[in-house]
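Protein chains in written order, with my numbering: chain H, 1 to 334; chain S, 1001 to 1201.
Keep in mind that the hints are not guaranteed to be accurate.
Pairs of lysine-lysine residues, derived as DSSO-like cross-links and limited to a Cα-Cα distance of at most 30 Å, are as follows [stated by the list, open to error]:
hint, chain 1, residue 1, chain 2, residue 2
1, S, K1086, S, K1019
2, S, K1153, H, K216
3, H, K212, S, K1189
4, S, K1086, H, K248
From chain H, some residues computed to sit far from chain S (all C-beta separations above 10 Å) [said to hold, decoys possible]:
hint, residue
5, L98
6, G171
7, K284
Label-pair distances were calculated between CB atoms; the ranges are [to be verified]:
hint, chain 1, residue 1, chain 2, residue 2, range
8, S, S1039, H, I2, 54 to 64 Å
9, H, D311, S, N1057, 58 to 68 Å
10, H, S144, S, D1081, 26 to 36 Å
11, S, E1094, H, I2, 46 to 56 Å
12, H, P282, S, E1094, 24 to 34 Å
13, S, D1081, H, D311, 53 to 63 Å
14, S, K1108, H, K284, 48 to 58 Å
15, S, N1072, H, A178, 33 to 43 Å
16, H, T192, S, D1081, 34 to 44 Å
17, S, N1072, H, P282, 39 to 49 Å
18, S, K1019, H, A178, 35 to 45 Å
19, S, G1082, H, R124, 38 to 48 Å
20, S, L1068, H, H43, 39 to 49 Å
21, H, L143, S, M1088, 19 to 29 Å
Since the hints were derived computationally from the structure, they do not count as laboratory data.
As the structure is a computational prediction, the values presented were derived from the model and not from experiment.
Every residue gets a Cβ at the ideal spot worked out from N, C-alpha and C, and that includes glycine.
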Amino acid sequence: MIIVFCLGIESTAHTFSCSVVNEGGILSDVRSVYKASEGKGIHPREAAIHHADNSKKVLDTALNDARISIKDIDVIAYSKGPGLGPCLRVGAVIARALAVYYNKPLVPVNHAVAHLELGMMLTRANDPLALLISGGHCMILALSNNRWRVFGETLDITLGQLLDQFGREAGFASPCGAIIEELAERSHNYYTLPYSIKGNDVSYSGLLTAAKKALKSNRLEDICYSLQETAFSMLTEAVERALAFTEKRELLVVGGVAANKRLAYLLEQVCKLHDAKLFVVPTKFAGDCGAQIAWTGLLEYHAGISIKVEDATVIQSWRLDTVDIIWNRQTLLH
Amino acid sequence: MLIKRGAEAEIRLIDWYGKKAISKLRISKPYRNKILDESIRKHRTIHEAYMLHIAKNAGVSTPCIYFLDPINSEIIMEYIDGIIVKDMIDKDIELSREMGKIVGKLHKNDIIHGDLTTSNFLIKNDKLVLIDFGLSFKSKRIEDKAVDIRLVKEILSSAHVDIFEKALRLFLDGYNSVYEIDKILEKVKKIEMRGRYARVI
Ligand SMILES: Nc1ncnc2c1ncn2[C@@H]1O[C@H](COP(=O)(O)OP(=O)(O)O)[C@@H](O)[C@H]1O
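For reference, chain S alone in the conformation it holds in the complex:
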């Protein structure tokens, strides 16, 4: 059963040897150049499975992988029976702090998520589970960590306008309790100057 059409994949709830599971299938986009399309799908699928595993080893809660099919760009993984933070955070702002702690833990282990949105954190039994590692990679660079933090800032300021400032503060607090944020925040400012704030033609 198709439960969600994600940005790049079709998410189905399936039966996997008697257990509920999620099939994440990166479908081909025939309108894209074929070489580009295949390389994106294959690369991301393999990468996602690998990074889910690395993140789990770093102590971040992520779905278990049951099966990986790089040819068809499909991952079968544990079904997380929960709701997305996006639908809860406006009522429960403390979730922000929890998100911060998780991202801090990732960065402490030099893991960049690459797609930090409030729809990629699921709430299960009051704990957060992080998903969607298709754009993740390993890096020690402050720049890469700063880009990750900027994504959080962007999504809070656009999709969660009413709680933006407080939510961001809690997020940074949570993060800082795990991993030192000062240098990274400086870099975030620099990145912002480069993009939208600097208007030169």
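Next comes chain H alone, as it looks inside the complex:
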């Protein structure tokens, strides 16, 4: 097989990242992360300015780390969506410019699908039930008939949003997952919060409201602990239901929230109970990164997918279960 070098550009939300991959794996992955101020959420336009300001440095470093010059790149992949419009557009503009100037094929990538593909590649999961937990996603999925099918999801906000919105109320800067986890470790006092599960689906909005309210008259540690226990137990139960229903023997966990140790522990226990093997994407590649885009772009390119520059737009709400998975990851993996 000829070796193909793919440059991936990720810019859906907080992170601007570039990565170079080939069939042998990830050659480089460089990121710059926009930080919101304390108690504030991500501001799309500020994040986009951050991305634009840092793009040259990130791109140059990614190429340097991979010891390759842009001229020797074979394919350019970019995250087309879903994500924040202004952020997505920065990535698309850079991808288009490079593709035109250096005359390279351009491949659009769905950011959520890319989380799953990179997870499959790094963990070598084969036929998993997949849990995608990032800022914008909270879904339980499995592949069938060439699409990722949704077996469970949140009915309102995602787990990432729950943690961030609670954290902001407590005065932390988002993303807040890490600090909530740290505080939760210091407590074992469970304060009862609403536990809401519907089949394989969860609903977090009632929990968020109650946890914010409980902040006013309780120790912060106790509420962090109770919030995590409730939210994670709900998600774990939804996963357990989907595992029992689908009878899958593998669980793949991807997305930034996968880095939480308590959640990973709960999922590990559930897998044991159902004789399933747990695959958690390595923390380094759990969050948004160029490698997910580059790797998926490479898979797509081998399947003959590429678009004209004028069609290289962005789609802010591009559902992952509408993407046809027509590439063959097995042939690339071995």
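Please build the complex by placing chain S with the ligand on the supplied structure of chain H, with the hints as guidance.
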């Protein structure tokens, strides 16, 4: 004999005074917070027994309860000697319509099942028996009924891809023949907009 490890319970086939019966035991999950774990198991067990009974009164076929032990979170109930709709529906799509009629009947009586999957309908003598009422509750709210319908949609579109559209249509037909669906479907759309379709960070 353990016949199935369900999502929250161990399902055993046992002998109950000379009769075959099912023991549904909600086992403790030591990895969960203890207070949460106990409250979930106890609450669901009591609730399931109660709602099985209410549904039966509404004319929906459900297993009879023989015994309830809230302390150990165990229910002993009638054994339904049949197979699950999940394993048959792809061959016999009309089962969808039957499921619809049953859910319509539940909703007409303001009973929300809360866990409508194709593995919770059993086929016995060509009739459907509905099980697993652990997440059930009484409600008149259209929102709650819509969440139930959405579950059916979700499971048909994920686990029964090849027949999804037709199966959903039959389900809704069956439902509508018992209980008016229009307002509920409108609400389903709204719920879908809220969740996966609305992608804001
Ligand atoms: N009364 C019953 N008769 C026969 N099989 C049953 C009965 N109850 C449960 N089962 C079997 O066990 C499985 C899991 O039962 P369920 O009540 O749904 O438990 P869980 O809530 O843990 O999923 C069902 O899909 C069915 O195959």
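Taking the hints in turn, this is what the structure says about them:
no., hint, verdict
1, S:K1086 to S:K1019, "27 Å, holds"
2, S:K1153 to H:K216, "40 Å, violated"
3, H:K212 to S:K1189, "29 Å, holds"
4, S:K1086 to H:K248, "15 Å, holds"
5, L98, "26 Å, holds"
6, G171, "20 Å, holds"
7, K284, "22 Å, holds"
8, S:S1039 to H:I2: 54 to 64 Å, "60 Å, holds"
9, H:D311 to S:N1057: 58 to 68 Å, "59 Å, holds"
10, H:S144 to S:D1081: 26 to 36 Å, "30 Å, holds"
11, S:E1094 to H:I2: 46 to 56 Å, "53 Å, holds"
12, H:P282 to S:E1094: 24 to 34 Å, "48 Å, violated"
13, S:D1081 to H:D311: 53 to 63 Å, "58 Å, holds"
14, S:K1108 to H:K284: 48 to 58 Å, "54 Å, holds"
15, S:N1072 to H:A178: 33 to 43 Å, "39 Å, holds"
16, H:T192 to S:D1081: 34 to 44 Å, "40 Å, holds"
17, S:N1072 to H:P282: 39 to 49 Å, "41 Å, holds"
18, S:K1019 to H:A178: 35 to 45 Å, "55 Å, violated"
19, S:G1082 to H:R124: 38 to 48 Å, "39 Å, holds"
20, S:L1068 to H:H43: 39 to 49 Å, "55 Å, violated"
21, H:L143 to S:M1088: 19 to 29 Å, "23 Å, holds"
Comparing the model with each earlier hint shows violations of hints 2, 12, 18 and 20; every other hint is respected.
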